[in-house]
Structure formats: structure tokens, C-alpha cells
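Undergrad: Sequence:
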Amino acid sequence: MLNKITKILLIISLFTFLLYGEGENRGERSDDIGNIIKNSSQENFQTEKERKRQEREERKRLKKEEKERKKREKERIYLPDVNDKDYQENENFDKNNTNNGNNSTIKQNINNQNNFNNNSSQKQTENGKIPKNNIDTDMGINIDNVEPVSEDISKILEENRKKEEDKKTKIDKKKPIVQAIDKEKEEISQYKDSLLKYIATKDGKVIKKEFETQRHPIASLTKVMNILVALDEVDKGNVSLDDKVCFSPQNANIGGSWLNVKVGDCYTLRELLRSEIIYSANNSAYLVAYHVGKGDIEYFVKLMNRKAKELGMNNTEFHTPAGLPTSMTGKGMDISTAYDMYLMGKKAVEDKRIREWGSETELVLVNSSGEQVIYKSRNDLLNKYGIFGLKTGFHVQAGYNIIVTGKMGNIEIISVVLGHKTHNQRTADQIEEFSQIQKKLKKVYIMGQDMGDFTVRNSRKRKIKGVLSENVYQFDNTYYEFKVTSLNLKAKVNKGDIIGKLEVISNGEVISIIDILAIEEADELSWFGKFLRFITFGLL
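Under the numbering used here, the first residue of the sequence shown is numbered 1, with each subsequent residue one higher.
A couple of the hints might just be wrong.
Subject to a maximum C-alpha distance of 25 angstroms in a straight line, what follows is the list of computed DMTMM-like cross-link-like pairs (lysine to aspartate or glutamate) [unchecked claim]: (1) Lys407 with Asp243; (2) Lys461 with Asp450; (3) Lys440 with Asp203; (4) Lys205 with Glu432; (5) Lys495 with Asp476; (6) Lys208 with Asp429; (7) Lys205 with Glu470; (8) Lys442 with Glu521.
Everything labelled a hint here was simulated from the structure, so no lab data went into it.
The structure presented is a predicted model; accordingly, all values stated were derived computationally and were not measured.
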């Protein structure tokens, strides 16, 4: 009986344990699953919240970038590729200076110009709408996504436009930059799609001319006159090529093509002039004008215009010492013609210093840190077809300009072209021109040709032979006279010494002179030999 009761109690206890114990475990597992689900939901909620926050920030960032891109696009709409070789030479926008904030004056001029054009260039149609994608024909400002305006606003704008037209008859002293731009646009509008050319020999034989008297912006070709004036003052003794000249805040950071200098960096006047013609450095041009003009750049520009008149450059006006555009200076653009630039180039190559500097392919300067900095020449035509100079020039309004000087034997060529649309077109055009010139020339004498015997006094050899140092050419339809002259020679003469000259004469004027060189030596007689020759009346 007891065993039965014990068994029943054990069964009840086991059943109770299984019933309630298993339920508690199930509850604990349910609680664990609930907690996991709850925690997962919270994590998902937080992740979703973070994702939305990141999306908002990303939209803000993209919106800001788009706004900045449109702003940059508007400012850049009429500017060329910043990687263009000549863009870095003389332009409306300087990447390096703008990024570091050193060119605030020039940037302000650009902003003033753009603001004016934004306010004045919008044109109304008959239905009161501003057309989308309207490009301002003067400054290239792009007007995108403009909504239609109401009739009341249209009337107000129309009234304002009429008021502006009425003011055109009055002098507006507050907008000298715009007035200068309008004036220059009127000057160049007639032939803006044409090339202006003048190609001739140094002695004046015209090879080609196209619109050679039409006025056109010349950009950095201006620097050639800057150098001519500076060298005039050097020759007068007013300044020296060895003068040490230091950059100031007013000229160190002038943009475009510039020497990478700091305020206080000093260079010789010779180095600054070389940097103008080799690298087209704008800050050098302004510093030269400041130094030579005794602190007065306007006075220096007057000297440039005076020199132009002396050379017969009657259609030339200089307003700056470097050729920068109006948007950077607030002054009129430097204007000339292809023919006037020929006259200036002809004068320049008469100076041995300019000939030497213009033919250099690079300039090496030592900066304030003692490091050597190499500036490569802007003229990639050097050493092709005898080309030895002279100067390139570019800004947006001027296009791609160049004065090319070359020498083929005795013939010196000066070629001027203004208004090319690209750097490559300008280069290809000049290569073609010089190639055609070479085909038109014929050799009259060849380098090394025997030019006869030349007498040498007090020498064991009474006569020695001489040969030409270079080829002599003439054009098919021209006639030159040639005259051989001997130098006053006495021993000793070495092989390769100059012993005579060949003069090339056109219309009675000597246009070139070619050296005649000795091809043998002439030793000096001893004192006894001189005595014997004397007493024998030169028979021995």
C-alpha cells in the first residue's frame, strides 16, 4: 500500500515538474526571442534614421556642388582651356593666383565686368519671356532655366531699358571698363573672323599681306615695345641692365603668364627683359615699366607710344606695358595692325640683345630660396626653317598672335599674323608660310663656295683663299647686286678667320653682308724675311 502511494506521489511530482518547469523555460525562451526582435527593431530604426540623415546630407552636398559648378561655369563660359599653352600667357583668368587669393585686384575687375554684363545683356521677347540658353554676344554669359516674367515686370524692365538707352548719349564716368570694351569691340568687329597678315623681308620686299592695316588687339606682342623702350633708356645711361629690381605687392602677383616670385624677390633688369620675351612674364613687364619709368607706369606707356610714332606705327595705341585685356586692367586694349607690328619687329631684330634673347628656348632663374627655376619659351617655332624669334601673344579678345623672325642665308623674314583661333592653327600656318617662302628662293652662292684670293701683308703666303660662310639666296623675281670686299689683312691669319665680305645690294642699298672665311693659314714673316722683301721691292 505504501509503495503504491509513494509511486503515485512520485508520478504527480514528476508531472508537476514537467508541466511548470517546461513552461518557465518556454517563457524564458519567449522572452529571449522577444528581446531579440525588439533589439533588432530598434537597430533597424536607428539604421534607417542614420540612412535618412546621410541622404539629406548627401543631397545638400550635391546641391552645393551643383550651385558652385554653375557659378564656375558662368564665370568660365567665354574662357579657353586652362591647359592651353598660350592661355597661360596672357588671359582673363589666372588659375594659380585665383586659387591662392593673390590676384584680388584683377579678380575684382573681372567680377565688375561680369556683373555689368549680367545686368545689361538680358533681352526681352515680344511675349515678355527671356529666352532660355541665351548667349550674350559680347561677353558670352549663359542664361539658363529662366522663368517667364509677368507683364508688370516686363513693363518695368522695358522702361529701365529705355532709360539706359537715353543715358548712352551722356558720359558715364562710373563705367570706364565697359566703355573701353565697347570701343575696342567696334574696332575689331569688321574683321573678327579674318586673319591679319603682313610677311616681308627685312629690306621691305612684301611676300604676303591680308588686311594688314586693320586694327586689332595685339596682346603680349606689346612686350616687344616694352623691351625696346627699356633698352633705349639703357643706351642713354638712365638705367643699367645690371640694376637689381625687386618685386612689390603691386606687381609680384599680376596674373596670366608670370614669374613665380614672392614680394621682395630681386632680379637684374636684364633677367626681367629676357623673361618678357622668352616666357612672356606679365609681372616682369610691369616691374620693368615701374623701374624704367621711375615709379610712373603711365609715363612709361607714354614712352611706348612715342617710340611707336618714331617708327611710323601710326595705327598703334598702347595702354598697358604688358598687353593684358581690359577686364584685367580697367584700361583700353593695346591695339595695332599687322603692318605696324612688322615695323616693330624689324626694329627689334636690329638689336643684337633682342635677337639673342628671342632665340633662347628657355630661361633659368634662381629664386629667393636659392633654387633654379626653368621657364620654357612660349615660341615653339624656334629653330624651324631658320626661325630665331620673336614673340607670341594671346588673350580672348585678341586671339592667337605672333611675330616670327627667320633667316634663310642672307634673307631675313619678318612674318606677322593676328587673330588665329587656336595655338595649333597659328603654328601650322607659320610653318606653311615659311615652307612656301623657302620654295620661292633660289641659291645664288652656296656655303663654302670659293670667293677667290685675298692678299695678306707680311706673310710668307702673299695670298690665301676664302670661302662663303653661308648660302646666299634671292627671289626669282628680284635682282640683287653682289660686291666682294677684302679686309686689311696682315699676318698672322688663322684658318677660319674672317678675311672678306660679300655685300648684297638692292636698289643701291646694302641689305645684307655675308662673311668670307680663310681656309688656310698665313704665317708672319721673320724680321729678316721682312727686310729682304723690303729691299727687293716685294719680289721675294
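Undergrad: Take the C-alpha atoms of lysine 205 and glutamate 432, compute the straight-line distance between them, and say whether it is at most 25 angstroms.
TA: 19 angstroms, holds
Undergrad: Hinted pair, alpha-carbon criterion (25 angstroms max): lysine 208, aspartate 429. Please report holds or violated.
TA: Between lysine 208 and aspartate 429 the Cα gap is close to 13 angstroms, so the pair holds against 25 angstroms.
Undergrad: Are the Cα positions of lysine 461 and aspartate 450 separated by 25 angstroms at most?
TA: Holds. Lysine 461 to aspartate 450 sits at ~18 angstroms (cutoff 25 angstroms).
Undergrad: Is the hinted pair lysine 205 and glutamate 470 satisfied, with a Cα-Cα distance of at most 25 angstroms?
TA: Holds, because 21 angstroms separates the two Cα atoms, which is no more than 25 angstroms.
Undergrad: Sort out whether aspartate 243 lies within 25 angstroms of lysine 407, counting only the CA atoms.
TA: 33 angstroms, violated
Undergrad: Is lysine 440 close enough to aspartate 203, meaning Cα to Cα at most 25 angstroms?
TA: 17 angstroms, holds
Undergrad: Assess, step by step, whether the Cα of lysine 495 is no farther than 25 angstroms from the Cα of aspartate 476, and give holds or violated.
TA: 35 angstroms, violated
Undergrad: Keeping to a limit of 25 angstroms between CA atoms, is the pair of lysine 442 and glutamate 521 held or broken?
TA: Since the Cα atoms of lysine 442 and glutamate 521 sit roughly 32 angstroms apart, the hinted pair is violated (cutoff 25 angstroms).
Checked against the numbered hints listed earlier, the structure breaks hints 1, 5, 8; every other hint is satisfied.
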